[in-house]
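Visitor: This is what each chain is made of:
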Amino acid sequence: MREEIIVSGRANPYIDPHLNIWHWQIPLYLFLGGLAAGILFFAGMYTIMGKEKAYSTAVSKAPLIVPFLLILGLIALFLDLKHKLYFWRLYTTIRIESPMSWGAWVLMLVTPLSFIWAAIKVREVFPRWDWKFDVLKNLETFFMKHKLILAWIMVVSSVILGVYTGILFSAFNARPLWNTSILGPLFLASGLSAGAAMIMLLSKDHAERTLFAKIDIGIIAVEMFLIVHMFMGFLASTQVQIDAAGLFLGGPYTASFWIFVVILGMIVPVILEVLELRKYKIPVVIPALLVLFGSLMMRFLIAFAGQESRWLY
Amino acid sequence: MASRRDFIKISGLGIGGLAVSASAYGFYKTLADTPPDGTKLKINVTRTPTYCEICFWKCAGWVYKNEDGSIWKVVGNDEDQHSNGRFCPRGTGGPGMYYDEDRLKTPLIRTEERGKQSFREASWDEAFDYIADKMKRIAEEYGPECFALLTHGSGGDYFGTLIKAFGSSSIAAPSYAQCRGPREVAFQTTFGEGVGSPERIDIRDTRCLVLIGSHLGENMHNGQVQEMSDAIDKGASIITVDPRFSIAASKSKFWLPIKPATDIALLLAWIHVLIYEESYDKEYVEKYTFGFEQLKAHVKNMTPEWAYGITTIKPELIRESAREMANASPSVIIHPGRHVTWYGDDTQRLRAMAILNALLGSWGRRGGYYVPEKVDLPSWPHPPFPTPSRSWKDAFPDQFNLAYETLASGICDATVPTLSKACNFKGWIVNGTNLLKTIPDRRKLIEAIQNLELMVVVDTMPMEVTGWADVVLPECTYLERYDSVRVSPHRKPAVALRMPATEPLYNSKPASWMAKELAKRLGLEDYFSWNSIEEMLDWQFKQIGTSLEEMKKIGVKTYERSYDDLYFYPGQDVEFFTNTGKIELYSTDLANEGFDPIPVYTPHEEPPEGYYRLNYGRAPMHTFSRTANNPNLTDLMGENAVWINPKVAKIWGITNGQYLYLENQDGIRSTFPVKARVTERIRWDSVFMVHGFGHDNKKLSRAHGSGASDSELISRVHMDPIMGGTGMRGNFVTFKFEPAGEEVAS
Amino acid sequence: MRYAMAIDTKKCVGCSDCVVACQTENDVPIGYCRDWVVEVTNGTYPQLEIEIRSERCNQCSNAPCVRCCPTGASHIADGGIVLVTENKCIGCGACINSCPYDARYSHPDGYVDKCTFCIQRIRKGLEPACVATCPTKCMYFGDLDDPNSPVSKMLKIRKYTTLIPEAGTEPQLYFLM
Ligand SMILES: Nc1nc2c(c(=O)[nH]1)N[C@H]1C(S)=C(S)[C@@H](COP(=O)(O)OP(=O)(O)OC[C@H]3O[C@@H](n4cnc5c(=O)[nH]c(N)nc54)[C@H](O)[C@@H]3O)O[C@H]1N2
Ligand SMILES: Nc1nc2c(c(=O)[nH]1)N[C@H]1C(S)=C(S)[C@@H](COP(=O)(O)OP(=O)(O)OC[C@H]3O[C@@H](n4cnc5c(=O)[nH]c(N)nc54)[C@H](O)[C@@H]3O)O[C@H]1N2
Ligand code: SF4
Ligand code: SF4
Ligand code: SF4
Ligand code: SF4
Ligand code: SF4
Ligand SMILES: [Mo]
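Chains as they are written, first to last, in numbering that gives the first Met the number 0: chain A, 0 to 312; chain B, 0 to 745; chain C, 0 to 176.
Since the hints were derived computationally from the structure, they do not count as laboratory data.
Hints should not be assumed to be uniformly reliable.
[Claimed, not checked] A few chain A residues facing chain C, derived, Cβ under 10 Å:
no.	residue
1	3
2	15
3	89
4	92
5	99
6	261
Glycine included, every Cβ here is placed at the ideal spot set by N, Cα and C.
Throw the hints in and build the complete structure from the sequences for me.
Guide: Dropping the structure here:
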């Protein structure tokens, strides 16, 4: 028999019995960031493609909620910090090697961008909106003029943001479950899928909804491919990663991951969306909410299980 | 882009008005110039000398204080032979004893029946008057001899003077009949001298260290652990005889996983091998010993093969380990152990160990047993003590004649009145010993307490024992008081000072003050004629060429040896303090008292089906029950666990970490559940637990209910007929999964 | 200059003095620790062996905790000691997650704390508190660039391992076997 005990020390609730430093705040922050990135991506892309009118929910309506999502995300991040009054230290330096740092800076870029985008779209959705001050009106016209540039910046930065939500985890070599380059694309895809779902939810236009249902099906297919790929990668790797994957393959997180993330968050919505495309009457809220829920759960489960995975020594 | 300040404003608003923005800039300015590496430097720290009271090794050290005078840390004094500048974990955690918020804070007087733990707070005057009154009445009615002191710790010196002045000589420490008594008697009957504390063993220079039980590394007696490590460095081999895979066993060249209670057979077989392979120290044996031929004849048939059947240790292993010792001789130590009250034939087991040492020629030799020396410190002059007409010994007229110290358990026995006992105690002062965890057979102990007319307990903490007191006197901790000069023997004679690092917290006081105040009320002030303890200490120090002032600066003063060498010189004529003047392999004392003059092996009872022998010992971070509530040390280890072999666990379906109860052969079930530790380190016929846990005094916020008490399960005592030691390892337990019902509560 | 520590597992008895000594020396609050003791038992009674290790931050030469820190609070000071500047630390927990040895903890005051090799002591020429207190003297500390330092000497004459070198952190805590 092998017996390994910690004789003393480490009676530290964040570390024992397993690492538990990130609670709900970080996964929520990453979900909101991913969702925001997804919406901004589609808004930017369809603007560049000149489909502003056709897909007005994607381009105009959905982006109005993005500033709120990002602020909520930042609040969640802020709540995670344990030395809160030093928050501003994030913005006294740029640490290229620290995903936390460039995440903070990307948000610093994306958040104002989302405000500007929302500002130039607000009168489209609420026609009686009045900016009152001339400065603001002038600013609005200024940004309107450079909308296309804004759209390009938005597409690029939202991809960075989306990838960042995964890199934040995958940069941690210390947590074998997170230590895979697939988390970046996977979280980006999950963010895009959530964004598409949100657009579907908000859209009143049948053609737009159909388009986003199709997009969503495509993204989910990519996600499933990435997930399978990720587990295959783990299983072909070292014992620590095999053990890490085990958390989802027979371990304590198995049921929640496969039921909530894969079945309810991916397979069921795909089936429902396919059925809807086949003209069955399916209330759109169901697949959309399931996708959002699955995307949220994925972040929670990967955040928690990742902290439980460790090197053996 | 938003500036930093704007950004903070935004997030500040976002979290609902947390006032970040207003102060943020100020923060930046004040914090920007603090040291960049995040290290804190302490300035103006001060230090005062002390010696540690967390166990009885008495390491000398320094108490460091922060600028504001608060206690920061305790570290060893480099000049001290007990600590060599390094404290053990318990000593390092000493400040926890001072900071423990559960400490006794003021004198208490009992309001309901004993054991109920209901008290009212009292003033010191009131408490002393109450005690003095009762003491006088006991003296008048029964005689002052009927008053006893049970003590373990420094304050015992002052209460000892008080009790002797009062007219009683019955002063006992549990460190005799519950601890090292059999060892002292065995070595006295063999070498004419005891082992003493610190043990006179030269571990640092040994080439072979043999541990019979002694679990150094878990037993943290500092100097020994340090020297064991030095010996490992120098390539010494360690032989450990222990049924449990102790830490020491894991460092050993030979581990002999002996069947419990069979050590004497192994020791006799070793003696057999040394004699019949003629590898003993012939010259030494010839010159110094008495009774070799009787010994040789006695062990003739006690071959390793014979011992194998008893101990389960393979004959080859017995031979090889004996040769290992012989090769190292005389730099070999059969460690005398310390807590040796195991099975009732303990003096005989220790005799066998002493004999082995003699055969290997280790007594008085480098790497064996050195000749210790201590400072001869005069005590403060006082009138002669009255001669008591009776003592505890009168209760045992034909017994324990070889016990040179008082038996704590003997005092308990003599307190329960029987017609045959010539001395019944009516009053106890209990200082620094938690009797309920210390003396086995709790039922009998409580019966004794119930027969007392006065029980005074002097302690620092609310413990089990304080719950049974009539009056509780709160002593301040060792960090807050002066105490007697430490004069223990060592390689070189030395003294050490303990002085207060800080004023006592709460309304607690030192024992020295309490004893003097009580003496005043009893008309015995002449025995405490010093004005202040500083005056007394200074006077004592001046008799040995130093002063209190100097000692406050150096803490420890070491002197050159005044007589003899540390070891015998070759061919030295030595007169041993035995009847024959020789090392007695054949003990004339034991023969005269009617005991086996040479040890014999007698089998002991084995656990019945479904029961396991209750083995217990130390954990490095705790001392008995006294540290069980220490915040620093409970942080290292908060409860004990019961060690169970995986095979046994499987039979019972016990999983690692599961809580369960233990019940002993007399149907006594542990008050609290204890965590199972399923481990290969314990045999399948025993379980092991660390002594000192399972406290039932609710006032101990950390210790109450943490772990289980081995003491309450030790209801059967195997008394050593030679000296009255209380053998405690003949108890058997089984597993239960429910707490006891009313019927078994005791 | 490269500070390092070597711990002799043949002498360590697992007493945890190093843990309390660190706690009191560095005012580590009760309930937290900068070092800890691990005991590993292998085998079946009576064929057994125990390895005991006193562990703490490995002061990695390739320290992921420093890399992932968004504010620069985690940094490398003289002699390769990895430190946290309290008033730069935002308590984001990234470094705690990045350490494969779980060597960091979140101080109740909010910032992250860890073993500093007692830099305040070594600057005064003293040994780290745990090293100076260990009753078995089983810890060796010093500068690897100095061939006469206690740690260099031990590494020259003894076999040793480090913990999970395959994690790529280049740990500077050596365990003598
Ligand atoms: N940390 C710490 N250290 C202490 C103390 C403390 O409270 N805490 N107390 C101090 C005091 S006062 C004392 S007396 C000493 C006591 O310490 P020791 O004298 O070392 O006590 P032992 O009873 O020899 O040690 C218990 C060991 O005996 C083994 N054992 C049990 N039964 C048998 C048996 O039948 N045969 C053999 N060969 N071994 C057996 C157990 O498995 C266990 O490993 O410790 C001192 N040191
Ligand atoms: N079951 C069982 N019984 C045993 C043992 C065992 O291993 N198992 N070991 C035996 C051995 S070897 C020994 S030496 C004895 C030890 O027996 P004890 O010395 O009685 O041990 P403790 O239980 O620590 O009790 C010490 C008491 O002193 C108090 N105290 C601590 N510091 C001070 C102080 O400065 N002043 C005063 N006035 N009080 C103080 C503590 O609060 C505590 O109540 O126990 C023996 N009994
Ligand atoms: S051995 Fe430890 S507890 Fe005992 S006196 Fe020394 S430092 Fe104190
Ligand atoms: S103080 Fe020394 S012997 Fe004790 S656990 Fe720490 S390293 Fe090991
Ligand atoms: S052990 Fe952990 S905290 Fe220490 S330097 Fe390495 S990664 Fe950083
Ligand atoms: S918790 Fe502090 S030290 Fe750690 S990464 Fe965050 S800011 Fe840096
Ligand atoms: S080196 Fe100093 S800070 Fe690090 S574990 Fe040892 S005592 Fe603690
Ligand atoms: Mo003892």
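Visitor: Each hint needs a verdict: does it hold in this structure or not?
Guide: Hint by hint, here is what the structure shows:
1. Checking residue 3 of chain A against chain C: minimum C-beta separation of about 5 Å stays under 10 Å; hint holds.
2. Nearest Cβ of chain C to the Cβ of residue 15 of chain A: about 8 Å, under the 10 Å cut. The hint holds.
3. The interface hint given for residue 89 of chain A is met, as the beta carbon of that residue sits about 6 Å from the closest beta carbon of chain C, less than 10 Å.
4. For residue 92 of chain A, the interface hint holds, since its Cβ comes within 10 Å of a Cβ in chain C; the closest pair sits about 5 Å apart.
5. Annotation: residue 99 of chain A was flagged as interfacial toward chain C, and the flag holds, the nearest CB pair being 4 Å apart, inside 10 Å.
6. With a least beta-carbon distance of about 25 Å to chain C, the hint placing residue 261 of chain A at the interface is violated under the 10 Å criterion.
Violation of the numbered hints given earlier is confined to hint 6; every other hint is satisfied by the structure.
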